[in-house]
Amino acid sequence: MYREHHRGFGFDWITIVLFILLVGFGWLNIMSASHVGDIESYFDMSQPYGKHLVFIGLTIVLIVLILALEAKFYERFASIIYIVAMLSLVGLFIFGKDVNGARSWYGIGSMTIQPSEFAKFATALAIAKYMSDLQTDMNTLKDQLKAVAIIVAPAVLILLQNDAGSTLVYASFFFVFYREGLQQIYLMIAVSIIILTVLSLKFGIIITGIVSALIIFAIYFFRSKKRVSIIQPIVVALICISFSSGVKLFYDHVLKPHQQNRISLWLRLEKDPVKLEQMKKVEAYNLIQSEKAISSGGFYGKGFLQGTRTTGKFVPEQHTDYIFSTVGEEWGFLGSSFVVVLFMALIIRVLYLAESQKSQFSRVYGYGVASILFIHFTINTGMVMGLIPTVGIPLPFFSYGGSGLWGFTILLFIFVKLDSNKINEW
Amino acid sequence: MRKLLLLLTVITVGIVFIARLFYLQVYNKEAYSLFEDNAIRKVYDYPKRGYVYDRNGKLLVANQPSYDVMVIPREVEPLDTLEFCQLLKIEKEDFVDRYEKAYRYSPRLPSVFVPQLSKQDYAVLQEKMRKFEGFYIQKRSLRDYQTSIGANVLGDIGEVNQRDIEKDAYYKMGDLRGKQGVELSYEDVLRGVKGIKFIQKDRFNKNIGPYKEGRFDTLPQPGKDIKITIDSDLQQYGELLMTNKRGGIVAIDPSNGEILALVSAPSYNPNILVGRGRSRNFTKLFRDTIAKPLFDRGLQAQYPPGSPFKVINALIALQEGVADVNDKVTCRMGYYYGSRRLTGCHHHKSPVAMNDGIAQSCNAYFVNIYRKIVDKYDDAGDAMNIWAKHAKSFGLGNFLGYDLPVGRKGRIPDGDYYDRAYGNNRWGSTYIVSNAIGQGEVEATPIQLANMAAAIGNRGYYYTPHIIKEIEGDTIPSKYTTRHDTTIDKRHFEPVIEGMFDVYNKGTAATLRVPGIDICGKTGTAENFVKIDSVKTQLTDHSIFVAFAPKDKPKIAIAVFVENGYWGSRFAGRMASLMIEKYIKGEISRTDMEHWILTHSLENEYAKPYSGEPFKINGQTTLQVVDKVMPPKDEDLNNSTQIEANSQ
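Chain order of the listed sequences is A and B.
Numbered continuously in this note's numbering, the first sequence closes out at residue 438.
Numbered continuously in this note's numbering, the second sequence closes out at residue 1053.
There's no promise every hint is true.
If we take Cβ atoms under 7 Å as the criterion, some of the chain A residues that face chain B in the derived model are [what the hints assert, rightly or not]: (1) F187; (2) R191; (3) I306; (4) G310; (5) F386; (6) M397.
Just so you know, the hints here were simulated from the structure itself, not pulled from any lab data.
Quick caveat, the model's predicted, so the values are computed rather than measured.
Just so it is clear, CB atoms sit at the ideal spot from N, CA and C, and this is done for glycine as well.
Same shape as in the complex, but just chain B (with noise of 0.2 Å):
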């Protein structure tokens, strides 16, 4: 015994020894990787980052150098600090707080002494640098917007959050990425690829050389320069038209499906959301929980598409051969089942085939035609799967497959919705007469209605909506030059694209004609409403608008939708007409219609819902007439950055 105590006591040690090198550098452990290495300093170069161009060449994104003054306390000499602060133009006494602030943070490591210099300070700041131990200026690149349109498409920079990190390692902190718009759907086309030093260093922090010779290091690659679709004339022409009111306007070419103008307002200038502001107003947008400025109405804007869902129905129900384009419906001011009446209807002429319940919008024959596509099988279920295939032909109800970071599915209701909801076999076609005009279940988002528009001027098939047009270098995705038919037989466009020709000849936009232009559109009225104090209140209705241009061989197709503009031709028609005479012939002869919308406003409606009073809506209200709305000039947008960058 006495003899075994050594040795027991040293094959003990031994074991728990290997057992913690076992954890410590086995079982414990990470994969080892470079980049996790704190011993390797990690030296980023950052490529230019792709320019963003409109369909027509002109730049709308760029970049701009920025300037920041940098700090290694550390290194810091004595200097002449009433000289240093008066080049960077800050007080004494800030010089001493941000001074003892990155020294807090670190007296070893960069941090930033004053971000973001002017060109101007800069110039002079540099000559003097070398003067000043322990501080140099370190170059970043920021977006420059070239204009003051479009954020929503263009969308933004910032710096990657750790979910960003996490989903791709290509990311690293302090990295900018796209956040929002084409900045973020073709972000990995515009970023480039950043190049990468690996540097060792000692525990001081201090750069000892290359790692293994820069075998590892890698070369940037500049980002590509992308054309976007948008037409920039015709953006801001949208935006100018929306202001004062809230709502999206789409507009699509046809022919292969590039979206010409993508308006969502109230808006904002992109240029505030760069820089050194970027925080501090990106806060303002998004906690806008009122007016929504980051809430894009052209594709998030899921309502009822009220009167235009319409044609899709006439469609349907030529289609599976229920209705004759010269059948006629008597409307008794609604339609009626039994003695109850399903569903209202305004006053017009009647009884009304085809054409005429398209440009007069008679609710009695639609509900009526409708009824009979649900009515042609025993099983209601069957005939609404039926139903819903058809227009989910046309890109309704589901994602469109467009490249913008966000969306809407919309909804069609199809038999096991209606299954779910009713339970199965215990509903008919009287249940949910509301589709037939575009109320109840169906839903869509403003870029749907669009691409409906696009569909039914192409007499029957469509191109996935997209923003992109080309990539330097490189080709679009093929899906977005891929056709794709709807299941309505091209014979049956005809008349239905008749009666929205007549809509503005003689039916619900008659006032809205513009001279040399075959117009074909569809108005709408979306009932819609909202929790008040939880007590479920109307409001004015939606206005709509679905329109494309000219009838044959069509340019244009353009959904409106102005936010309790009440009926469709009162706001989003007459904008419709106007952007389509804007796109189709670059100037305006319609100004009355023009200096209409650019002097009355909705602002006076949209705060009704928070004023604490009872209000009236609709046909009670008066509108509230502005003053006009001037086109910003290309001064104004200069100085609002500047301001914006001094401001602070």
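So that you can see chain A by itself, here it is in the shape it has in the complex (with noise of 0.2 Å):
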């Protein structure tokens, strides 16, 4: 495949378009969400919309930034980058600024950062510089481990500061891992893990360990030729019955109430109708308010400016992580439809020159990118919509806030340099 590279200096215009149509499209919709009474200046710096219209003015320095460096940059220096990210959360613990229970701001005079949304691109580039290694080998335990490691280590400093929802998008990297010779029984683990978590929780541990073994022993039976020892799938069964166990105890003791509350309220496990309307009130008003703003839409949507539950504020954080409820009732089922495909579009496209890339390190880092904009906008538009439990992430690109902002565009760009690069890859 030939691209013009002297044209567009090897850049991958599809992306950058895709990119600069979600900005676009997230920036009218965090005017509409937070203006309150006539718009007089787009650039009104007390309103939100004009500061993240500076964010965006920023974000093209940043990018010209990204794009200027050398692409060996990103390479050579994803261990000192990491490391640096791995500092700056750690930091947080004694100069951090707590905003509403979450320990996760550093605050610069009125500026506030956080710097969990830079250690995405960070762990990403850690990862791709990792699983790149000639010496690595993701077919050995000792090196899965050392993976993993890497995953973790932000993971559990972001959720020691109280910020659970992004603690999940490292979770994401169990794609790239797959994508790299992962094993398929740890596939196969996950899912299991998946479908055993909500069946406990939904039926109970007993339903749950009969379904399991049954399942267990008729793969089993019919499955096997040579006859491994029957200790197997006892053992198995044993494990699933004790995970089983596990996650009803995790849910009980280990969880806080609210979170039991939006499990409970996601898979239906309240059958007392008084506390699930209290439960309601208390926890799925922002869920309720934005699943209403979003039928209001209708087809067509009410027209921009025009959402009556958008400029009464109905919907609680509408410009941040609700801003897609915006979409949903402006712009209807066209706009909002428009924008899950613009998504899947980014992230097929980015998956696709993933695929195309010649070194191992671009292709890693490439297929991070994907994992981690494909599980942010899963899990906040599947919230938005009341499909997924209430876990608070921002929308890519869509979300009121500059560090959300920089932290996905650094993502992205430094992948958009790395493939204008793959030309001379050799």
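Hints are included, so try docking the two chains, each in its own frame, into the full complex.
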């Protein structure tokens, strides 16, 4: 495959156009969701949309910087960038500032910076670096554990700062490992864990235990030609059952009440209508308002700046995590489907480019970018539409906030730079 | 495969999300309406409801302001509760109760704190209201009846129910609309059109500003005043006469179909359905299944009409050419078919021709001519169809089409009716002779009988009875100014009217004559039965009277119906004569008759079926005498509303 390298400096303009569309459309929606009274100036710095416009302006500077640097820089300095990011996360425990119960911000004057947004691309770089190392063999347990350690470090730090949502993002690296040769058994284990978790919460330990034991013995009797010991399936079944009990214990004792409620609402665990109402009032207010806003948009939407629920600020946090509900109300089914398609196109484009990379570093990094974007998009949009429990993470390129926008921009444009350099990779 | 996992997951998620969006935004979505949007506050501006005047321009129904003290609990600041309670005339504990109730309903939304203050309390409170943050006074408009009569005609207004809202999107929760009487039938005219303001609110229910600069806001249009055809003096007199009795009086102006009086007894003071006492009082009226004060006996009391229906048979016989005015029929205290007596009769001279037949209300005479009508054709069914067509042309047997919301169809059986009942051709005139004397299957309501009297007085036509006389800035519907002709030729009316005139001269109502007025009338006595402990039991007959006056160019046609009043001229006839005199002369010369009506009560009679003991009826009873009923004075009216308003 040949592309024009002279005219476009070798950059993938499809990715860049998708990026511009998302950021631009995102800004329009931030304006709609955050404006109070009439919009007098787009640069009104007292309003989120004005500030965000400045963030976007700074993003352009950032992009130019990223693209101007040598592509090899990122591979060479990946470890250092990772260490700096980790240090900045550790530093939060000393210098950090509490916002909404999460200690994940540095305050510099009136500005705040959220290092966890930058830790994502740092981790992606570090993983890419580690996995592209010739000495790394992802089929050995030792190297697998090392790779996992790279991910777990930021995840644990962020979890300790009370930002459970952002921690979940690091699970997305599973896709990267799998692509790079993690054994099939891990995929099966991952899928089983998800199924077992949902089953044990929804139906309890006994039913889950019986169902999993039946399936395991069925597989044992019908699949395996050479008779292995009967001990094996018994052990597997026991593991399943203890895992199931573990899930229950975790749910009851480790999760905080609001987290329990979110899961309970999602799986419809609460049967008592009075308690359910109470729970809905406390925990699902955002969700209900956001679903109502989206569905009130209808097919064509109410029009830009015309959403009555958006104007009335019915959805809390609407310009940050719940920005998608603005799209739903004002742009309707057409507009919100368009946004879904844009995200899918961007992720698939990045995936496609990653597969076409010649260096393993670029490929792994590209895969990391696609996975992180995917998990953010899925969790955020799924939550706003009421498909998955409430988890507070932003919608990439869309949500209001400088750190988030810059974090994702750096994440994406390092890959654009790497991609533009693949012709030189020999 | 490894390359595809993420790709496939991405595509799956994308499809699931778009499907979810489709479900939320397209499939599961009701049409968007500004009214359904709870991010938009709708503030209504209610117009003045139209006034109601009687035919002489006397104001019957006006509006009165009413003041509710409202509270928004969140906005309440610490206040001098003692002073506030004194102003509102409530106890301190009561204050706390009310406040907590309002808070439980909603801390952010307004609740009624004290409803319907009196004007005096309002005046005092208004001065000091600014001291009490979170409280405000909301003005509402209630009906103000300037009279104590005509509750069944005037009706009342009340809050709309769920059905009203579903039927007509104009109404919103808490709106008032007509519930009965002209308030209901002229609701669209009286209510006007409310104005509306759309206000954008935020999630704390605070107003942010007008929605789209008030582009969709509208101004209220005031309701129109109406003038109704009721003569309030006549109505009041009718209600006075009906005191201690149950029944209905319907008086119509035959020249145009205007309803002059529509009395239903027992009735109630319309003012009790205004304000704080409304729901309590309405429930009381509604639950009274014995006296049924909400049942309009002038419009809904469907009974066999009895003898007044005989004149219709006389007219049909003349029209069909089966009887001559001078044909005489011998009456042997009843009508005999072979040796079987089909119907009885009372004592009078015999033989009788048509004139005396009507004047003496001879059953035998009418069975005779009725059988001639039915037997005129080979097929009794055809004959009955023709008979029914004639009878129905007097407005009987179907809804008249008047402009009040309740009524009954009455019943005029035709050939098909009896074919269904007996089988095709398995019946003949002797099966159905009861119709000859207005018993049997024939049924009518008092307003239908009054309309029938009007059609006879007009010699063959009538205008649909109606209650509306004038609508401010509009004309009344054309159906009330369209003449309906009966199928009887004009020349056949004279002998019949002469017979009705002789009812007064020498017949069954000879004692009821009013000097100076030529009244034509017809008495009626209708047998009636009820089930007591599932045993069919006969009660004292209903007293019925139908009349019009004067004989030529009648000004009033009237039907009076008194439950269990026994024979026609006993109660109903007296009342009809008095009403006619009152209307035509404006004063009463037959004070003896008036005195008799006002001092006799039928309450004993009505109590009998509920006494649980065996009782006697008709001739074996004695009438209950009471102190003379006095007409209500205006002060009484005012006092009664005052008591009602303060009793809670």
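For each hint, the structure was consulted:
1. F187: Where the cut-off is 7 Å and the nearest Cβ of chain B is about 5 Å from A:F187, the hint holds.
2. R191: 6 Å, holds
3. I306: Nearest chain B Cβ about 5 Å off; hint holds.
4. G310: 5 Å, holds
5. F386: 6 Å, holds
6. M397: 5 Å, holds
In the structure shown, no violation is registered for any of the earlier numbered hints.
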